[in-house]
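J.: Sequence:
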Amino acid sequence: MEKRQKRRVWLVAAAALLTLAALLMFLGQGETPEIEPLKVDFPRRMRTAERERAERRRTHVMPVAAVPDSGTPAEHFRPKDPVLAALPRGVGKTAVVIEANALRHSPVGELLLDCMMRDGGKRLEEFREKSGVDPLQDLDRMVITDDGLMLSGDFSKARFQDLLKDGVSSDYGQNARVYEPGESTVTSPDGTTMKRRDSSSIGTWNNQLIVLGQSPDEVKATIDRVEGRGPDEPPAISENSTYGEMYGVLSVEMISRLFPPEQAALAQRLRSVAQNVELHLDATSDVALVAEIQGANADDVTDLGKSLGAALSLARIQAQTQGEKEFAQLLDFAKVKPNGSSFTLEMAVPLSVIKERLAFCREERRASAEPPAQEGRPAEGVGSAPLVQP
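Residue numbers for the sequence shown, in the working numbering: 1 to 390.
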């Protein structure tokens, strides 16, 4: 029953928090904290720092072909953000941007880093040695799309050819290179061996972007969009929507798959009513999520919002009656706000809760960094003061 309650609590929020999977994975550990009333700052618009950040990222200029029969010479667009230029075009797409560098230096990011470094940083150091990339220093943004994954940052020291020793690479477009994996030997259960070539591919652009796709054609299509050879449609995310530590759009189909079986009817209504889901997540203090669900028919969208609000209210009441105080208090932050042909879902997790839940990560990280205790002497934190003070 407790597991079913958790799934009801997160509903649509599970899609937005997928990049914080490590955080959610550990929510079941630690003591239950006392949640104090607080005012959550929800991400609803661009702030000054985010607007300035967007302006600094306009670094790429794409030429425009001359207008046919007009005699107009080739001109140039104003500089654009290459990451936004690389995004899928058109409606109904999934494109979620994670501001990895900003998240890394947020309070939540520091806690998540403790969880990643519980082995003393051995796996991270191994990755640095093999790839030439330091995720904590070189990575700026990570983008999840329907077609694959894209990373932005400084990859001038990356050793792609070393990582793909049996692969082949070739120049593509103006500033890109595409890497295709070589053949590998596969042994079947009956002992038969055969050669197989993986269809996935990796592309790099100007030492600023890494594109991972299911095929070379998908990677090349992304590079085409960056270099101005893509379709003449706006990117899935506009510059005015680049606020928060995570933001973007999710396809309705992807969202509906996250609903638990007992909410199948609500998931089907979402498919039939909603056209687009835009989300923004702020992690500068408390983790606050705003998801806007849009549709063509205002009445249908309003009814859907009421149904989702009722589901959240029911989950809150059930949590209260069953003594699940923590879930009931967390659901106090969950609200559905109608707005004509759209409605917003707001949810939040207070930073105090996250700190309590992830405290064990810091303990294990510190323990892994300490030298082994000498025989006959207890290790620090064993039979003495705790490793982390509350």
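Some hints here could point you the wrong way.
[What the hints assert, rightly or not] List time: in silico DSBU-like cross-link candidates among lysine-lysine, alpha-carbon distance up to 30 Å:
hint, residue 1, residue 2
1, 335, 93
2, 306, 335
3, 130, 39
4, 325, 335
5, 337, 80
6, 39, 325
7, 130, 93
8, 355, 93
9, 325, 93
10, 325, 306
11, 80, 122
12, 306, 337
13, 39, 93
14, 122, 355
15, 93, 122
16, 306, 39
17, 335, 39
18, 335, 355
19, 80, 93
20, 337, 325
21, 130, 306
22, 220, 80
23, 220, 306
24, 355, 325
25, 220, 39
[Claimed, not checked] The following label-pair restraints were derived from C-beta to C-beta distances:
hint, residue 1, residue 2, range
26, 298, 232, 25 to 35 Å
27, 264, 296, 17 to 27 Å
28, 257, 298, 23 to 33 Å
29, 313, 261, 40 to 50 Å
No lab work stands behind these hints: they were computed from the structure.
Quick reminder that beta carbons are idealized off the backbone N, C-alpha and C, glycines included.
J.: Are the hints correct? Go through all of them and say.
T.: Going down the list of hints, with the structure as the test:
1. For the given pair, residue 335 sits about 26 Å from residue 93 by alpha-carbon distance, which is consistent with the 30 Å threshold.
2. Our distance criterion of 30 Å between C-alpha atoms is met by residue 306 and residue 335, whose separation comes to about 11 Å.
3. At most 30 Å may separate the alpha-carbon atoms for a hinted pair to count; residue 130 and residue 39 exceed this at roughly 45 Å.
4. For the hint pairing residue 325 with residue 335, the CA-to-CA distance comes to about 18 Å; that is within 30 Å, so the pair holds.
5. With a C-alpha separation of about 34 Å, the suggested pair residue 337 and residue 80 falls outside the 30 Å cut-off, and the hint is violated.
6. Only pairs whose Cα atoms come within 30 Å are accepted, and residue 39 paired with residue 325 is accepted, the gap being roughly 19 Å.
7. Taking the CA atoms of residue 130 and residue 93, the gap is near 34 Å; set against the 30 Å cutoff, the hint is violated.
8. Annotation: proposed proximity of residue 355 to residue 93 is violated, straight-line Cα distance about 34 Å (limit 30 Å).
9. Under the criterion of a C-alpha separation no larger than 30 Å, the hint pairing residue 325 with residue 93 is inconsistent with the structure, at around 38 Å.
10. A C-alpha spacing of about 24 Å is found between residue 325 and residue 306, which places the hinted pair at or below 30 Å, so the restraint holds.
11. The hinted pair formed by residue 80 and residue 122 fails the criterion: a straight-line CA distance of about 38 Å is larger than 30 Å.
12. Between residue 306 and residue 337 the CA atoms are separated by roughly 9 Å; this keeps the pair inside 30 Å, and the hint holds.
13. As the CA atoms of residue 39 and residue 93 are separated by approximately 33 Å, the hinted pair breaks the 30 Å bound.
14. A threshold of 30 Å between alpha carbons decides the hint, and for residue 122 with residue 355 the separation of about 24 Å falls inside it, so the pair holds.
15. Distance hint between residue 93 and residue 122 is unfulfilled; the C-alpha atoms sit about 37 Å from each other, more than 30 Å.
16. Note on residue 306 and residue 39: the hinted pairing holds, with a Cα-Cα distance of about 24 Å set against a maximum of 30 Å.
17. In summary, the hint linking residue 335 to residue 39 is supported, as the alpha carbons are separated by about 14 Å, within the 30 Å threshold.
18. Proposed proximity of residue 335 and residue 355 is supported: the alpha carbons are some 24 Å apart, at most 30 Å.
19. For the hint linking residue 80 to residue 93, the alpha-carbon distance of about 21 Å falls within 30 Å, and the restraint holds.
20. Restraint check: the Cα-Cα separation between residue 337 and residue 325 comes to about 24 Å, which is no more than 30 Å; the hinted pair holds.
21. In summary, the hint linking residue 130 to residue 306 is not supported, as the alpha carbons are separated by about 52 Å, beyond the 30 Å threshold.
22. Distance restraint check for residue 220 and residue 80: the Cα-Cα separation of roughly 19 Å lies within the 30 Å cut-off, and the hinted pair is therefore satisfied.
23. About 43 Å separates the Cα atoms of residue 220 and residue 306, which puts this hinted pair outside 30 Å; it is violated.
24. Distance check on the hinted pair: residue 355 and residue 325 sit about 18 Å apart at the alpha-carbon level, within 30 Å; holds.
25. For a cut-off of 30 Å, the pair hint linking residue 220 to residue 39 is broken: about 46 Å separates their Cα positions.
26. Under the hint 25 to 35 Å, the C-beta atoms of residue 298 and residue 232, about 30 Å apart, fit the expected range.
27. At about 23 Å, the beta-carbon gap between residue 264 and residue 296 stays in the expected band of 17 to 27 Å.
28. Between residue 257 and residue 298 the Cβ separation comes to about 26 Å, which falls inside the hinted range of 23 to 33 Å.
29. At roughly 21 Å, the beta-carbon separation of residue 313 and residue 261 lies outside the given 40 to 50 Å, and the hint is violated.
Hint compliance for this structure: hints 3, 5, 7, 8, 9, 11, 13, 15, 21, 23, 25, 29 are broken, all remaining hints hold.
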